[in-house]
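Participant: Fit chain W to the given chain R structure using the hints.
Protein chains: 2
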Amino acid sequence: MLGSLPSFARLVAELSKLPGIGGKTATRLAFHLLRRSQSEVEALAAALVEMKRNLSFCRRCFNISEGDYCHICNDTRRDESCVCVVQEPQDLIAIERSHGYRGRYHVLHGALSPLDGIGPEDLKIPQLLARLKDEEIVEVVLATSFTIEGEATALYLAQLIKGIGIKVTRPAHGIPLGSDLEYIDPATVQLALDSRREL
Amino acid sequence: MLGSLPSFARLVAELSKLPGIGGKTATRLAFHLLRRSQSEVEALAAALVEMKRNLSFCRRCFNISEGDYCHICNDTRRDESCVCVVQEPQDLIAIERSHGYRGRYHVLHGALSPLDGIGPEDLKIPQLLARLKDEEIVEVVLATSFTIEGEATALYLAQLIKGIGIKVTRPAHGIPLGSDLEYIDPATVQLALDSRREL
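From first to last, the protein sequence lines stand for chains R and W. Going left to right, the first sequence walks through residues 1 to 199 as my numbering numbers them. Going left to right, the second sequence walks through residues 1 to 199 as my numbering numbers them.
Hints listed in this document are in silico derivations from the structure and should not be mistaken for laboratory results. Everything numeric in this text was worked out from a predicted model, so none of it was measured. There may be inaccurate statements among the hints.
Said to hold, decoys possible - Below, computed lysine-lysine pairings styled on BS3-like, alpha-carbon distance capped at 27 Å:
{"no.": "1", "chain 1": "W", "residue 1": "K17", "chain 2": "R", "residue 2": "K24"}
{"no.": "2", "chain 1": "R", "residue 1": "K133", "chain 2": "R", "residue 2": "K162"}
{"no.": "3", "chain 1": "R", "residue 1": "K17", "chain 2": "W", "residue 2": "K24"}
{"no.": "4", "chain 1": "W", "residue 1": "K167", "chain 2": "W", "residue 2": "K133"}
{"no.": "5", "chain 1": "W", "residue 1": "K124", "chain 2": "R", "residue 2": "K24"}
{"no.": "6", "chain 1": "R", "residue 1": "K124", "chain 2": "R", "residue 2": "K162"}
Here chain R stands alone, though its shape is the one from the complex:
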């Protein structure tokens, strides 16, 4: 059936390449787009091409950026002496959304994973070490994910950076706000109890 509609079949094939979108969802999206106006579909196509044309990565911290340096590196009100290391630009966005951090960032673009053959050279770790040498950095916050890979990356970086004599911290473990103890995993409850605070 789709063989007689090459441009429809091609759109379905292109949409199927997106993560989490299989053949059925791609077909549903293509039928949806077929019903939208020409200008709406062209707006989506133009947004795709322009995003790719305009966006690159910050030359200092590897956050996504529309210029050589990202808006955080360009912001003189940010604390230049503190660098928060994250795995992905998405993590940076999550931290910014919390309004809990006023320093700069360094985006690794992944985590160490020896089983997948991802070593320090495959991430932005050499660039981080160069920054620690060139810039006057007092504290590094290791905000890699709290997964096996993220923890391993944090441990690896902590040893390296402490060796240079720079303070290394990691966000605290604990019970998320508004959550019911009953539904929190026992390991998190244990960590929260270990680091209990006096009120």
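Facilitator: This is chain W only, laid out in the frame that chain R set:
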């Protein structure tokens, strides 16, 4: 954060307009596309624009088509005396996939739904009645969905078409192949028993 990345924010906004894609999925897709090569993203954009440019609806049956008439209407081997009425082009594809039908189609582009203000004039029903008058049609298979709206549409069309003196049929209800009776809803089991066949 995204305010400082207008082209990224615009792509997320455009992707969020797609059905079943919310803000979080749109952001995830945009980050995925950011990592793809320029040519891959341009291929998707081109597929969108070309699909919209090339595709329209068949002038006879309102199936999607790259020309004035769809490949089924153009196929002289199809039985011109039988018309299968479906709600959406997707339903037509499902029937074609079954290889169980060799006639032509008529796509209504919806079902009657008085509560949503959708009457016969909002669907391709006038065009179906014109076909029944102009073409030499012997049988109409009403393959609208087996939902309340689909059944109501079938009932409405059955009365109209029987009035013209044309044979009207509807695909049989019953137990799907390979299914366990235990998991079939009681109404379907009842219908399957009512139309039991002698072996």
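Participant: For each hint, tell me whether it holds in the structure or not.
Facilitator: So, going through the hints one by one against the coordinates:
Taking the CA atoms of K17/W and K24/R, the gap is near 18 Å; set against the 27 Å cutoff, the hint holds. Simply put, K133/R and K162/R have alpha-carbon atoms about 13 Å apart, close enough for the 27 Å limit, and the pair holds. Using a Cα cut-off of 27 Å, the hinted pair K17/R and K24/W holds, with the two alpha carbons roughly 18 Å apart. Taken as a hint, the K167/W and K133/W pair is honoured in the structure, with Cα atoms around 14 Å apart against an allowance of 27 Å.
A C-alpha spacing of about 26 Å is found between K124/W and K24/R, which places the hinted pair at or below 27 Å, so the restraint holds. The straight-line distance between the Cα atoms of K124/R and K162/R is roughly 18 Å, inside the 27 Å bound, and the hint therefore holds.
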